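J.: Here are the chains, one letter per residue:
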Amino acid sequence: MASGTIQSDTTQPGTTQPDTTPKEEMAARARDRLQVLTARQSGRWGRLLWLLVGPGILVMLGENDAPSMLSYSATGARFGVGFFLPFVALTFAMAFIAQEVTVRLGAVSKTGHADLIYRRFGRLWGNFAMADLLFTNVLTLITEFVGIVAGAGYFGIPKSVAVAGGVSLVTLTLAAHRYWVWERLTLALAVCNLVFVPVAILTHPHWGRVASAFATWGPLPRGGFGASTLTILLADIGATITPWMLFFQQGAVSDKGLATSDVFHGRIDTALGAFLATLAAAACIIAASPLFIHHMPAGQFGAAQFAQALVPYAGRFGAALFALGILEAGLVAATTISASSAYAFGEVARRAHSLNAAARQAPSFYLVFILVAAVAGAIVLIPGFPLEAVVLMVNIVAVLTMPPAVAFLLILANDREIMGAYKSTSGLNALGVGVGAFVALAGIVYALSVIIPGFRL
Amino acid sequence: MQRQPLPPAAGPDTSPDSWMDAALAEHLQTQAWLENLGPMPMNLGLRGLMWLLRIYVLFMITVVGVNVAQLWR
Chain A
50 MASGTIQSDT
60 TQPGTTQPDT
70 TPKEEMAARA
80 RDRLQVLTAR
90 QSGRWGRLLW
100 LLVGPGILVM
110 LGENDAPSML
120 SYSATGARFG
130 VGFFLPFVAL
140 TFAMAFIAQE
150 VTVRLGAVSK
160 TGHADLIYRR
170 FGRLWGNFAM
180 ADLLFTNVLT
190 LITEFVGIVA
200 GAGYFGIPKS
210 VAVAGGVSLV
220 TLTLAAHRYW
230 VWERLTLALA
240 VCNLVFVPVA
250 ILTHPHWGRV
260 ASAFATWGPL
270 PRGGFGASTL
280 TILLADIGAT
290 ITPWMLFFQQ
300 GAVSDKGLAT
310 SDVFHGRIDT
320 ALGAFLATLA
330 AAACIIAASP
340 LFIHHMPAGQ
350 FGAAQFAQAL
360 VPYAGRFGAA
370 LFALGILEAG
380 LVAATTISAS
390 SAYAFGEVAR
400 RAHSLNAAAR
410 QAPSFYLVFI
420 LVAAVAGAIV
430 LIPGFPLEAV
440 VLMVNIVAVL
450 TMPPAVAFLL
460 ILANDREIMG
470 AYKSTSGLNA
480 LGVGVGAFVA
490 LAGIVYALSV
500 IIPGFRL
Chain B
122 MQRQPLPPAA
132 GPDTSPDSWM
142 DAALAEHLQT
152 QAWLENLGPM
162 PMNLGLRGLM
172 WLLRIYVLFM
182 ITVVGVNVAQ
192 LWR
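Taken in sequence, the protein lines are chains A and B.
Using the working numbering, the first residue of the first sequence is number 50, and each one after it goes up by one.
Using the working numbering, the first residue of the second sequence is number 122, and each one after it goes up by one.
Honestly, I wouldn't trust all of these hints.
[Unchecked claim] Listed below are several chain A residues computed to face chain B (Cβ distance under 10 Å; list not exhaustive):
(1) A76
(2) V157
(3) K159
(4) F177
(5) L420
No wet-lab data here; the hints were simulated from the structure.
Keep in mind the model is a prediction, meaning the values are calculated, not measured.
From the three backbone atoms N, C-alpha and C, an ideal C-beta is built for every residue, glycine too.
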């Protein structure tokens with residue numbers, strides 16, 4: 050369980066604590082479990098699904114964050130409706146393969162990803178994994194606030210107010226000190242990611258072309274896969290598969306208290322999240338495609354510029370929805386990425402780390418949760434900080450740090466001592482290795498395009 | 122050491138003393154098991170793979186730096 054085997058922040062490090070999980074945290078989780086058991090015993094399957102969904106939808110819609118939606122917008126504006134629509138669906142299918150493992154790991158081990166890496170691989174490899182997570186989380190959080198500021202800017206909200214509002218929202222979701230409340234609040238916000246669907250409809254796309262793109266994976270990008278196309282391709286992969294997702298979902302599954310009997314529902318939750326996220330991502334590409342048709346140079350557009358450019362095609366309402374979508378994407382991801390940072394910190398520092406714990410029992414967990422968001426927000430307010438470079442590269446950096454993360458994931462998923470009967474099957478291993486190889490090869494192709502001038506596939 | 126199979130999930134018992142333990146039976150058992158979970162044996166091949174992937178990440182981060190510099194110019 051989330052902090053069951055480690056000390057509360059109010060106990061001294063190193064003291065023997067056979068069971069130091071705060072009573073309130075245990076009681077909260079027990080109440081949740083009781084509801085699940087009652088729903089299962091009474092055969093109320095709809096209620097059971099409602100109780101068990103959450104981490105999977107949150108992680109997938111959370112990954113449809115501000116830089117990801119901007120990356121999809123840039124894709125739609127540069128290439129229109131074509132190859133990238135089914136490609137994005139493929140990347141979410143790969144994300145499902147990776148995230149499904151975290152459901153099993155969390156439900157079986159009842160602990161977080163960072164804790165398992167440190168326990169099984171030792172401090173050296175644990176520190177490497179944490180360095181990757183910290184680096185990508187900080188960069189990504191900065192871009193979430195760039196998105197929040199840009200989205201709010203469209204409505205005339207000043208930068209500092211937008212940042213303060215973002216940090217306040219992250220803090221407010223924690224106020225109940227209850228995982229269930231936090232999850233439902235964040236879920237309610239996350240489903241607003243589907244706001245890109247009405248924006249796409251408002252641009253009156255040619256639905257036949259959309260269907261044809263999914264069926265034929267075409268048309269391919271004009272001019273083939275040169276350096277700039279490969280950069281967008283890698284950014285789109287990075288918009289769906291990143292290290293924080295692994296740490297977040299396993300932490301959330303364990304904090305939610307999922308048991309081995311809930312793995313099936315955890316898979317449904319993750320598949321549902323992947324489907325909704327694909328829908329929103331595809332809608333975003335379709336929404337921006339009129340800019341491609343009308344030859345608008347949108348390569349360096351920010352959120353507000355995209356929204357402004359869409360006014361002639363989606364109307365003022367559609368453009369406002371687009372800006373709202375970027376703002377929402379930043380807010381949800383700021384919350385989930387802060388959660389992944391706080392879970393990982395608690396697991397590594399062996400401090401209480403549960404959203405069911407009271408603030409006095411897990412002060413460092415809540416402090417890290419709020420502090421990482423506040424620091425990222427503050428960085429966005431620094432005049433002259435190279436935000437454009439961060440936004441441009443954050444998804445790419447996330448992809449490039451994935452191969453070791455996938456390796457840890459697959460090794461843990463095949464660790465018989467941890468997984469027992471829930472160890473990955475050979476079919477799941479083949480899919481997992483395929484995802485790792487795909488991500489690693491995509492990185493190599495990107496490196497070649499940077500190093501060799503004029504390189505193209 | 123292979124992990125013992127988990128007991129079947131307990132049904133709800135709403136008596137004041139035992140409902141929490143019953144609801145968290147699997148969790149409490151896993152908690153006790155987790156306390157004794159130590160490092161896994163890592164053979165040479167596994168160590169080699171981990172170092173290779175680490176070098177990959179460091180190399181790629183350098184490439185990203187080069188790319189940012191190129192775009193900046």
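J.: Of all the hints numbered above, which does this structure not satisfy? Sort the numbers upward.
T.: 5
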